[in-house]
Amino acid sequence: MTVTLAPSPAPQPPTVAGPLGVLGVPGQVNLDYAATAPCARAAADAVAELLPWYASVHRGAGALSRRCTLAYERARQTVGDFFGARAEDHVIFTRNTTDALNLLARALPAGTTVVTFGGEHHANLLPWPRGSVRLPVPREPAEAVRALAAALSELRRPDGRGGPVTHPARPGVDQGPPVLVAVTAASNVTGERWPVAELAQVARRYGARIAVDAAQLAPHAPVDVASLDVDYLAVSGHKLYAPFGTGVLVGRADWLDAAPPYLVGGGATSHVGAATHDVRWATGPARHEAGTPNLLGAVALAAVCAALADADRAALHDTEQALLARLRDGIAALPHVVELRTFGPAASRVGIVSFVVAGRDSAEVAAELATSYDIGVRDGLFCAHPLARRLLDEAAARSGRRDLPPTALRASIGLGSTTDHVDRLLTALTTLP
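Going by UniProt numbering, 67 is the number at position 67 of the sequence shown; the sequence numbering is gapless.
Derived by calculation from the structure, the hints in this document are not laboratory data.
A few of these clues could be false.
What the hints assert, rightly or not - Derived DEER-like restraints, expressed as beta-carbon distance ranges:
{"#": "1", "residue 1": "Gly131", "residue 2": "Asp254", "range": "15 to 23 Å"}
{"#": "2", "residue 1": "Val272", "residue 2": "Thr371", "range": "49 to 57 Å"}
{"#": "3", "residue 1": "His385", "residue 2": "Val25", "range": "43 to 51 Å"}
{"#": "4", "residue 1": "Ala274", "residue 2": "Ala314", "range": "58 to 66 Å"}
{"#": "5", "residue 1": "Asp254", "residue 2": "Arg313", "range": "41 to 49 Å"}
{"#": "6", "residue 1": "Ala314", "residue 2": "Gly118", "range": "30 to 38 Å"}
{"#": "7", "residue 1": "Asp81", "residue 2": "Arg130", "range": "36 to 44 Å"}
{"#": "8", "residue 1": "Asp374", "residue 2": "His336", "range": "15 to 23 Å"}
Note that CB positions come from ideal geometry on N, CA and C, so glycine has one too.
Produce the complete structure using the sequences and hints provided.
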């Protein structure tokens, strides 16, 4: 069978000058950043510069291998610095956020109870062991804090009556059976930000650790594990303008060093003897990075982290928030379009909006936006089925409409998004038959 592909248009120059300009295709409106963000010029340039030198990492004595090994470890340092890694933390390269959280799930001490909320992405719902506690989706950020405190009080009960531990846990020090709180920093469905710092304070008060899925927050705002006082942070490079398949888990070393390697094989060992299972596993990140690592992905991610660290993040945030307000106001003005939300309409959020078009199948609308208007959005339940289904039910009740579809549409923005992109989507939604 012969497959004929449409001619590929020439890459579009970055819409923003400098390392944070993003690549694209002329005429195409990309409003699907929350799934995968476009490539930043910083990432493309860093990879192009390294490609002639591309060779093994930690596996060669030649000049090419030495340079690549240095580039890989410098990337680790840059990424760790960007996310505020502490001296005792490990910075482990993974494939993506899902991979990072699965690694952490494998590293949990025996008997660990994991506490999550029902509003999480599947990556932060499915990896955790049986017996985990899933709290209901709160209606406001403060309710999340109260619910977590109540759940941890019930779990701890050090004196038979519940309550905080006698001496609140110091960072990295557990008291009682291990408990891990796993929470998103920003919803991939609604873009709403969760009160991570306040949740971390509650976790610390009850001697629990906290892991944060920062996949959707990191592209839009600074995230610092030390400032937030969180124990673990998971991020995807492909959502942070750095393709090539790298994510990262930043977090406390003790659980990670005590756990069996996430993968077994070359690079994860310090000694392998002749006898079966005569193995000493490496400590540090190498323990969980068996096999030849993804050098280009690590270098791309580090390049974007460095570019963002040098940028005026406040100005970028203000620009994005203005576009987000324009998009949400425009959607609110369309009587046949209903926005999904967990918290109140004024809740803090990043550049993500999910919505439904009354009387229209969401997959059909997404296809029509793509074919007739050259606009790319996401449709479905966004790998957060429990939350998305709940929000769809609430949207129907709030709007009083009985013709809302069972799945939603999502538009998401970031670096390179413009007023024209937002207006083209709003115009298309207005003129849809």
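How the hints compare with the structure:
The hinted window of 15 to 23 Å between Gly131 and Asp254 holds, with their beta carbons roughly 22 Å apart. Against the hinted window of 49 to 57 Å, the Cβ-Cβ separation of Val272 and Thr371 comes to about 56 Å, which satisfies the hint. Restraint check, His385 to Val25: a C-beta distance of roughly 31 Å breaks the suggested window 43 to 51 Å. Between Ala274 and Ala314 the CB atoms are about 60 Å apart, so this pair conforms to the stated range of 58 to 66 Å.
For the hinted restraint 41 to 49 Å between Asp254 and Arg313, the CB-CB distance of approximately 32 Å leaves it violated. The given range of 30 to 38 Å is respected by Ala314 and Gly118, whose C-beta atoms sit roughly 33 Å from each other. At about 37 Å, the CB distance of Asp81 to Arg130 agrees with the hint of 36 to 44 Å. Here the CB-CB span from Asp374 to His336 is close to 22 Å, well matched to the stated 15 to 23 Å.
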